[in-house]
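Enquirer: Starting from the given sequences, assemble the full structure and let the hints guide the process.
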Amino acid sequence: MDKHELTELLCRVADGSVSPDEAALKLKMQPFEEIGEYAKVDMHRGIRQGVPEVIYGAGKTKEHILGIARTMLQNGQETVLITRLCREAADFVAAELPLEYHEIAKIGIIGGMPEKSGRGRIVVATGGTSDMPVAEEAALTAEALGNEVLRLYDVGVSGIHRLLSHMDAIMGARAVVAVAGMEGALPSVIGGLADCPVIAVPTSVGYGASLGGIAALLSMLNSCASGVSVVNIDNGFGAGYLASMINHLG
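Mapping of the sequence shown onto full-length UniProt numbering: position 173 corresponds to residue 173, and the numbering continues sequentially without gaps.
A portion of the hints provided could be inaccurate.
[As the list claims (entries may be wrong)] If you anchor each label on the Cβ, the simulated ranges turn out as follows:
(1) L193 x R87: 35 to 43 Å
(2) G250 x H161: 31 to 39 Å
(3) G59 x E5: 25 to 33 Å
(4) L9 x S158: 46 to 54 Å
(5) V13 x P114: 39 to 47 Å
(6) N75 x G208: 42 to 50 Å
(7) F32 x E78: 12 to 20 Å
(8) D42 x S130: 30 to 38 Å
(9) L25 x M167: 52 to 60 Å
By construction, these hints were calculated from the structure, which means they are not laboratory data.
We put the CB at the ideal spot given by N, CA and C, even for glycine.
Expert: Rendered as structure tokens:
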């Protein structure tokens, strides 16, 4: 249950189509559901945070992923998002549930995409094509949470004119997710141009001294541009989630 469904339930109590006892029972049954000894699925997260639980696929067996996803669907969750999902597990789940797998992002989505409920548009930009897996994780996460997303890929600072040709999109965004490896300069440049929050995502793309993304992370943390926040290395999901929260404010 999410906030919208909770509001609908309360409206039905108010108009008399659902009794207070029926509503109380529905809410009492919601907090979490325990599946065997391996998972306690959080059914109240949508009410608390506005977004239902998301499955982190890495480290879970394919059987566990299937069990968690099936429980979410049985409890009324319309869209189930699974991140860091390998092809083998995706094929296993897809044999039982209507899962769409996005290979580049390693994301699985069960159920249709929700209607766009965000107030504006989120822009996801990358420094290079090699940053696309992380960027697609951010973009698909934002779309699965009800946002319009515009992708601007391969617009890094080594050819800054590529970014500047999209100034209308940058200036019209409610939030920008800037994904870059190497020296991680892209978020600072966008932060100096945009009038909206910029979410910087360092990636592990780069040669030896990039230290698996630490160089980009430190560059982004030390950005001189105001309004730039930074998530963890390769954390496209966290960036897409945060951008969605920003786009739903107000």
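Enquirer: Is the gap between the beta carbons of F32 and E78 within 12 to 20 Å?
Expert: Since the Cβ atoms of F32 and E78 sit about 19 Å apart, the hinted range of 12 to 20 Å holds.
Enquirer: For the pair V13 and P114, does the Cβ-Cβ distance stay inside 39 to 47 Å?
Expert: Given a distance of about 24 Å, which is not inside 39 to 47 Å, the answer is violated.
Enquirer: Do the Cβ positions of G59 and E5 conform to the proposed distance bound of 25 to 33 Å?
Expert: 30 Å, holds
Enquirer: Is it true that the C-beta distance of L25 to M167 lies inside 52 to 60 Å, as the hint says?
Expert: Since the Cβ atoms of L25 and M167 sit about 54 Å apart, the hinted range of 52 to 60 Å holds.
Enquirer: Range hint 31 to 39 Å: satisfied by the CB atoms of G250 and H161?
Expert: 34 Å, holds
Enquirer: Note whether the CB distance of L193 and R87 lies within 35 to 43 Å or breaks it.
Expert: 38 Å, holds
Enquirer: Just to be sure I understand the hint, the distance between the Cβ atoms of D42 and S130 should be within 30 to 38 Å; is that true here?
Expert: Once the Cβ atoms are compared, 35 Å apart, the range 30 to 38 Å for S130 and D42 holds.
Enquirer: Is 46 to 54 Å a correct range for the gap between the Cβ atoms of L9 and S158?
Expert: 53 Å, holds
Enquirer: Honestly, do N75 and G208 meet the 42 to 50 Å range at C-beta?
Expert: 48 Å, holds
The structure shown violates just one earlier hint, number 5.
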